[in-house]
Amino acid sequence: MTEHVATNETILVVGGGISGMTAALEAAETGKNVVLVEKNPALGGRTSQLYRYFPKLCHPVCGLEINQRRLKNNPRVRVLTLAEVSGIEGSTGNYTATIRIKPRYVNENCTACGDCERAVEMQVPDPFNYNLGQHKAAFLPNAMAYPQRYVLDPAIIGSADAEKAKAACKYGAIDLDMKEETIQVKAGAVVWATGWQPYDAKKIQPYGYGRFKNVITSVEFERLADIHGPTGGKILRPSDGKEAKNIAFIQCAGSRDENHLRHCSRICCMASLKQTHYVREKYPEDGKSTIYYIDIRAIDRFEDFYQKVQADPSVSFVKSKVARISEDEHGNPVCWGVNTEGYKRYTTPHDLVVLAVGMEPSVKGVDIPGHIVADSSGFIEADPANGAVFGAGCASNALDVNRAVQSATAAALRAIQVVNKVAKAEA
Amino acid sequence: MADIKVAAYICKGCGLGERLDTDALVKIAQKDGKVPMAKSHDFLCSADGVAMIRNDIDNEGVTHIMIGACSRRAKTEAFYFPSNAVARANLREGVIWIRPDTEEARETTQEMAEDYIRMGCAEVKAMTAPGGNPNTGSSKTLLVVGGGVTGMTTAIEASKTGYPVVLVEKTGELGGMAGKLYKRIPVHEPFKSPADTGVADLIAQVMGDSNIKVYLNATVAKTDGAPGRFVVDIATESGATHTEDIGAIVQASGFTLYDMNKLPELGGGQSPNVVDQLGLESLARAAAAGDGVIRRPSDNQPVKSVVFVQCAGQRDPTGTHLAYCSGTCCNTSIKQAMYFKDANPSVDTTIIYTDLRTPGNGEDFYRSAQEKGVIFTKGKVAQVVPNGAGSTVKFHDLILDDTEAAMADVDLVVLATGQVPNSGVDIFAAPKESEEGAVEVKPISILNLNYRQGPDVPQLKQGFTDSHFICFPYETRRTGIYTAGPVRRPMDIAQAREDATGAALKAIQALENAELGRAAHPRSGDLSFPKVRLEGCTQCKRCTVECPFGAIDEDEKRFPVFNESRCRRCGTCMGACPVRVISFENYSVNTVGAQVKAVDIPDEFSEKPRILILACENDAYPALDMAGMNRNEYSAFVRVIPIRCLGSVNTIWVTDALNAGYDGVMMMGCKHGDEYQCHFVKGSELGRVRMSKIDDTLKTLNLESERVRDLEVAITDIERVPEMINKYAAELVAVGPSPFKGF
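Top line first, the protein sequences correspond to chains A and B. Residue 306 in the working numbering sits at position 306 of the first sequence; the count goes up by one each step and never skips. Residue 937 in the working numbering sits at position 510 of the second sequence; the count goes up by one each step and never skips.
Treat the hints as calculated values from the structure; they're not laboratory data. Do not rely on the hints blindly, as some may be mistaken.
With the C-beta cut set under 10 Å, the calculated list includes, among others, these residues of chain A facing chain B [what the hints assert, rightly or not]:
1. F54
2. I66
3. T111
4. G114
5. D177
6. I267
7. Q307
8. T348
9. H371
10. D375
11. V405
12. K421
13. A425
The model shown is predicted, which means the values in this text are computed figures rather than measured ones. C-beta: ideal position from N, C-alpha, C; glycine also.
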């Protein structure tokens, strides 16, 4: 939270999701200085966009609150938001990272009072809600946003609305002349925790995502269930706003498929099992879930969660890779395929189809600075050739939150080993 | 105690100046709060406002600061005064944002703000800035219990970071379970074939590291002390005991395979040709040492057909065997099938499974097995019948829905039986009545903690060591003791090594913070610690029994002995203490009690009830804040006090409030039970048990039971909490005003 000067005893953490925050905090609480770089305007990453966690069905923002408090109390972590690493030069113990910081148009005077938001009229898509809804062009990224500071969408700059926002702010917090800046940060070691992105469901053509409004992804479904989401926590289908009570979950949408993602994304089975709870929570009388699956991977201690869902009469399981989805005249998505347990054909309409989309490492297709060794799926491998750049969390493997936190804690130690050596050499 | 000088600062920004009479608030701070230096500022969190406060600290000798502005969760960078005692009166999220901006609401809104100023002044005066626990230790040595892959990795990684390690292994050699394997599951591209285990290399690293001291054939006989100053007795085979000073501990005691003799229906123990996964590994090692051919144990004939039975004694909902999945057996069976196929493609290898579980790049390994000709059959094995040298495997074929499916004359059957953690003694288990004739094997303690609450780390329901499972997986309920590897979740070598590395960091962090007198997670860095006035103690032992972290022991006279470095600062001891002799510098019976008493209670004819809310600062309080941000209105009659945990609530706060004429008390804490959400694991549960007995107190006061309400609140309840408050306020109107008003 303060402006310590980065040296080659500093640890640079790239990515401010649960893994990056964990790596940064664990290192800082061991007495190391950290620069934490996040590309979005607030920390929290993809976990902050989840409604509940499996298997406890608790709320991710609960842990986020603790992590934010740890940050607020720890002067060793310097947080840069709207920032992206565009290059890293140097070698173990002596890196220089180039970081591009986009203008926020709001400075530290912001009190998060919301006057600018009320003053403007322009609406822009809300990426926190996967663009399922819109928000004002002067906005707080989400209810739990840290830093708790407003942002102006670049689209508003130059408009009369921007001037309205500026005029509404009594605290001189809005600076319409803010420009993108590039800074350089020294670091002895780097933790690369850029997380994952949902596999682009449009690429799975037979499932009609993008063509049929009532075919959505699992991450979008999280936002529908969340009280902070576009429907205020009601499960309504996008086409007509009708209550979606009969919901299909399609596993391995992109995963375990050589045409898409080779790997199994690990979390999707548990995520769908968890989401059947949302259906029951919102529609206790007549909610109905159907899971189309190849194998249910409720791995290790999650098995009893699976058993509880299996015992729920409102949930049925069909062992099948759905062949295709069509749309009937009522706008209902219809799943076509063969149930391999007994080889029975089915053509089943649902109110809504949720694709359990796979986890693609965010490093894939992204220009990683330096020469990072990754496997064929794009996950960063533990390899001496990576020097002191350590993958953490879902940048390194398809992981759930619990495992991502373990991975991030381990990465923090690897980084500490490097900066301790630097410190020793300099002492 | 050094002289204190208190100053109160009232912000007029964010609409506070328009919605509230801030001049009156300044006067309240002076008159009722008895703070001589009280000021208002148009924009307190601005550089100018903060400079004003900073100047008063530097030049006016201000030690205690009361800020009447936004929530304590907001503008924390601006209001960062770590050397001072600071209280925040939440006038923004807690008052003007939850009240309508109307003429009729103005009076009650102002009263609410005035009370928060009174409360803030009372609180800060009862506080001192925490100075850190002086009872520290400075040992920088890690103790690692267990010499398998997990333990060796922890030791190597800690040593690499610059910390000495003592490693204790109960057998005569390092390597553990992984040391018994022929090969491991691959962890690098192309994920196609079994790989070297790497165990020999790890052993060489450990043995060659002068920073790692290894005790073989040794166990931990006694663990005394606290992080930074553990004293550990290590018993060796010779009978000698060695004592080591230890800073922090990693328990890497691993797993034992589930006993296949408990599965006679699957042929376990019925034939030498039915083996578990470890049995197959030893056959493969024997083969590798010989001609490379895996042979049938009964007659040493080459194996021509082998069936792998997945989930043997696992995923069992009946409670007879393991309820969980061990997560690694699918990959292990694939690997073992490849032992056969790679040596001789003509061997028939069949894996019978219900759900094949090969996450991540395990999928490539699975694909590779299919390419090598391993047969995967979706089915549930009902019975393995050995006859002669062969066996018949009867199963329900789930694809053909054939309940009578069978494979005959199978040379070898491998049961994938799963991992049972070596967790030591389940310290909270109810004593089991042993059945007639059954031989009860008593679990042996791993750590032999000389703690009042028992010798080992608490366990979860399936026998794995406890942790705050999702967000904070390393946090056991024994500070400075971390568990790693299969003792806390079934895992393979790759995961165990990752876990071990993380655990090494946590252990290093714990001993470093213990030396500085700071708390560990979740209040990491907190310098406050429990202080006890022993002269008032009645030796009731409630604090020692309740502490969720086993931090408090008892001396021979049964007085509590606080081990501050084991303490996580939740305040459960303070809540439990009936004579109120336990306090923290900045959080005490007094800091909250003074706030309770500072509230102005209107008389019974005013129709202005007062409701006290004690809200968990981790979840309920942020929920209330976000309700404010969302402008969700709630009653102006409530007064909210954040608390560290429901467990820290002392009954006196509730009785004091009722005696003072409050009409009701709401307690808001986190979910408890198996799916607990309490960051102190047991805090909210203990608080609830304590409060369930409040009815007796109410009876002695002749008050209705409705006057105290215990509520489970989650951080997302931003709509539900205002509804609950408003509903309760309405209910209290029906109950009528408290008879204690005006006394």
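Hints versus structure:
1. A least Cβ separation of about 8 Å between F54(A) and chain B falls short of the 10 Å threshold, and the interface hint therefore holds.
2. With a cut of 10 Å, the hint placing I66(A) at the interface with chain B holds, because the nearest CB-to-CB distance is about 5 Å.
3. With its C-beta approaching chain B no nearer than about 5 Å, T111(A) sits inside the 10 Å limit, and its interface hint holds.
4. Checking G114(A) against chain B: minimum C-beta separation of about 8 Å stays under 10 Å; hint holds.
5. Given the 10 Å rule on beta carbons, the hint for D177(A) is violated: about 20 Å separates it from the nearest Cβ of chain B.
6. For I267(A), the shortest C-beta to C-beta distance to chain B is roughly 9 Å, which falls under 10 Å, so the interface hint holds.
7. Interface restraint check for Q307(A): the shortest CB-CB distance to chain B comes to about 5 Å, inside 10 Å, so the restraint holds.
8. The closest approach between the C-beta of T348(A) and any C-beta of chain B is roughly 20 Å, which is over the 10 Å cut-off, so the hint fails.
9. Of the supplied interface hints, the one on H371(A) is violated, with its beta-carbon coming no nearer than about 16 Å to a beta-carbon of chain B, more than 10 Å.
10. Look at D375(A): its Cβ gets to within about 5 Å of chain B, closer than 10 Å, so that hint holds up.
11. With a cut of 10 Å, the hint placing V405(A) at the interface with chain B holds, because the nearest CB-to-CB distance is about 5 Å.
12. A least Cβ separation of about 8 Å between K421(A) and chain B falls short of the 10 Å threshold, and the interface hint therefore holds.
13. Annotation: A425(A) was flagged as interfacial toward chain B, and the flag is violated, the nearest CB pair being 12 Å apart, outside 10 Å.
When the structure is compared with the earlier hints, violations turn up for hints 5, 8, 9 and 13 and for no others.
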